[in-house]
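Chemist: Chains as they are written, first to last, in the numbering used here: chain A, 1 to 220; chain B, 1 to 220.
None of these hints come from the bench; they were simulated from the model.
Check before you lean on any hint, since a few could be wrong.
A pair holds if it fits inside one copy or across any two, identical chains being indistinguishable in the list.
[Said to hold, decoys possible] Each computed SDA-like pair below joins lysine to any residue, with the alpha-carbon atoms no more than 20 Å apart:
id, residue 1, residue 2
1, 29, 203
2, 135, 120
3, 161, 9
4, 135, 124
5, 135, 81
6, 29, 183
7, 204, 165
8, 204, 131
9, 29, 95
10, 135, 167
11, 204, 126
12, 204, 37
There are 2 protein chains.
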Amino acid sequence: MSGKTADYVLHGYFRSSTSFRTRIALNLKDIAYDQVTYNLRAGEQRSEGYLQRNRQGLVPALQLPDGSHLNQSLAIIEWLDETHPEPPLLPQDAQQRARVRSLSHAVALDIHPLNNLRVLNRLRSQFDADDEAVKEWFQHWVGLEFSALERRLSSEAETGKFCHGDTVTMADICLVAQSVNNRRFEVDEEPYPVIRRIVETCLKLEAFERALPANQPDAG
Amino acid sequence: MSGKTADYVLHGYFRSSTSFRTRIALNLKDIAYDQVTYNLRAGEQRSEGYLQRNRQGLVPALQLPDGSHLNQSLAIIEWLDETHPEPPLLPQDAQQRARVRSLSHAVALDIHPLNNLRVLNRLRSQFDADDEAVKEWFQHWVGLEFSALERRLSSEAETGKFCHGDTVTMADICLVAQSVNNRRFEVDEEPYPVIRRIVETCLKLEAFERALPANQPDAG
């Protein structure tokens with residue numbers, strides 16, 4: 001945490017994809033925020049203090065200037081876009097918004113929930129999954145959905161420099177957070193050239209780079 | 001399918017929770033739709049014909065009057081709310097919208113993706129999970145998240161007759177679809193009196209009742 005206190009406080013964890021998404025969005029909106037971090041591997045997100053901020057015991061929680069909290073990264077990003085419209089993270093047109101949301105949800109609903117820490121831990125505890133089996137599970141869901149995403153992104157006219165046109169949207173935020181997470185599980189992204197190009201383009205932007213897990217105070 | 005052709009076609013499956021959510025929203029908005037159904041157990045959603053409508057090979061897809069398709073149930077519901085504002089499925093105020101989205105996502109991201117057919121099938125194929133183990137997995141995630149949801153709904157002032165105030169929102173749609181799905185896996189909802197009350201209230205509404213899996217053309 002810096003010495004100066006910001007109006008917003010992000011409660012999260014460096015390696016959490018959902019915290020990563022939220023950091024990117026805050027950076028894109030140029031909103032200053034302090035961070036309070038919880039070591040998910042030590043279960044700190046289930047402490048009574050944190051449960052007051054998020055009853056699910058999941059990161060992130062965004063503390064607003066009035067002291068209230070928002071939960072769920074996509075709900076937070078939608079809120080940020082509604083209350084801080086520039087630069088927009090969703091297009092104006094309803095059908096185009098639906099495309100961006102559907103690309104976002106293809107990652108945030110159909111990949112990430114299957115591959116986060118608590119689920120991989122459950123595979124270990126309920127099914128005695130070892131590291132190899134966990135990696136196979138992780139790669140299975142990414143492979144299935146990244147193949148479908150690559151087909152969409154490479155065939156739909158709306159794809160541009162980014163997932164949707166030539167400006168960053170919520171879809172890029174979700175995609176980059178997933179792709180960076182994939183590295184830890186040795187996912188081969190060679191079969192996904194459009195995805196790779198978009199992720200590389202995003203990571204050249206300061207808002208993404210500054211949000212990377214490795215660049216957080218609790219990274220280690 | 002009825003003899004009369006509607007402008008909208010919902011491509012789905014009676015038992016799919018995401019199709020169920022979409023049917024509820026269409027009914028609440030009083031939008032007429034035909035249904036084309038795909039037997040997920042027979043893999044019909046992976047046919048080339050369906051992949052043209054949804055490259056993920058997941059139901060649902062909503063075919064619009066212009067022949068284009070929307071994917072991802074929550075993106076469809078947001079689109080419906082933007083293009084057919086009455087009755088609203090999200091509140092006007094940004095912070096209240098964030099609450100409804102976070103309740104919705106607590107079900108749609110943190111329960112449902114872990115418990116749908118393809119995931120349960122994967123547990124069987126990768127980890128030799130039997131019916132008992134699959135049921136334990138299903139109940140584990142529901143128990144964790146329904147406990148947290150019950151704490152939120154029972155303690156937050158915004159909860160009313162429904163999840164958020166006295167009108168139906170997207171959060172109720174997600175909750176009801178999950179609760180109905182729970183019945184197939186013998187989830188005990190006794191510890192969740194507020195959730196039960198809200199689900200019962202919703203199911204008295206014609207829009208919910210008509211959308212029930214058992215009331216679809218492909219039920220059986």
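Chemist: Hint by hint, note whether the structure agrees.
Modeler: Taking the hints in turn, this is what the structure says about them:
For the homomeric pair residue 29 and residue 203, the shortest alpha-carbon distance inside one copy (16 Å) is at most 20 Å, but the shortest distance between copies (41 Å) is not. In this assembly of identical chains, residue 135 and residue 120 lie within 20 Å of each other by CA distance both inside one copy and across copies; the values are 9 Å within and 18 Å between. Proximity of residue 161 and residue 9 under a CA criterion of 20 Å is satisfied in neither setting, with 32 Å inside one chain copy and 32 Å between copies. Both within a single protomer and between protomers do residue 135 and residue 124 lie at most 20 Å apart by alpha-carbon distance, with minima of 11 Å and 17 Å respectively.
When the C-alpha separation of residue 135 and residue 81 is checked against a cutoff of 20 Å, the pair qualifies neither within a copy, at 35 Å, nor between copies, at 39 Å. Neither within a single protomer nor between protomers do residue 29 and residue 183 lie at most 20 Å apart by alpha-carbon distance, with minima of 27 Å and 43 Å respectively. In this assembly of identical chains, residue 204 and residue 165 lie within 20 Å of each other by CA distance solely inside one copy; the values are 17 Å within and 44 Å between copies. Taking the closest pair of Cα atoms, residue 204 and residue 131 never come within 20 Å of each other, the shortest separation being 32 Å inside a single copy and 48 Å across copies.
Taking identical chains as interchangeable, the C-alpha atoms of residue 29 and residue 95 lie at most 20 Å apart only when they sit on different chains, with a minimum of 17 Å there against 23 Å within one chain. Taking the shortest alpha-carbon separations for residue 135 and residue 167, neither the intra-copy value of 33 Å nor the inter-copy value of 44 Å comes in at or below 20 Å. Neither within a single protomer nor between protomers do residue 204 and residue 126 lie at most 20 Å apart by alpha-carbon distance, with minima of 41 Å and 38 Å respectively. For the identical chains of this complex, residue 204 and residue 37 are neighbours neither inside a copy (25 Å) nor across copies (44 Å), given an alpha-carbon limit of 20 Å.
The structure shown violates the earlier hints numbered 3, 5, 6, 8, 10, 11 and 12.
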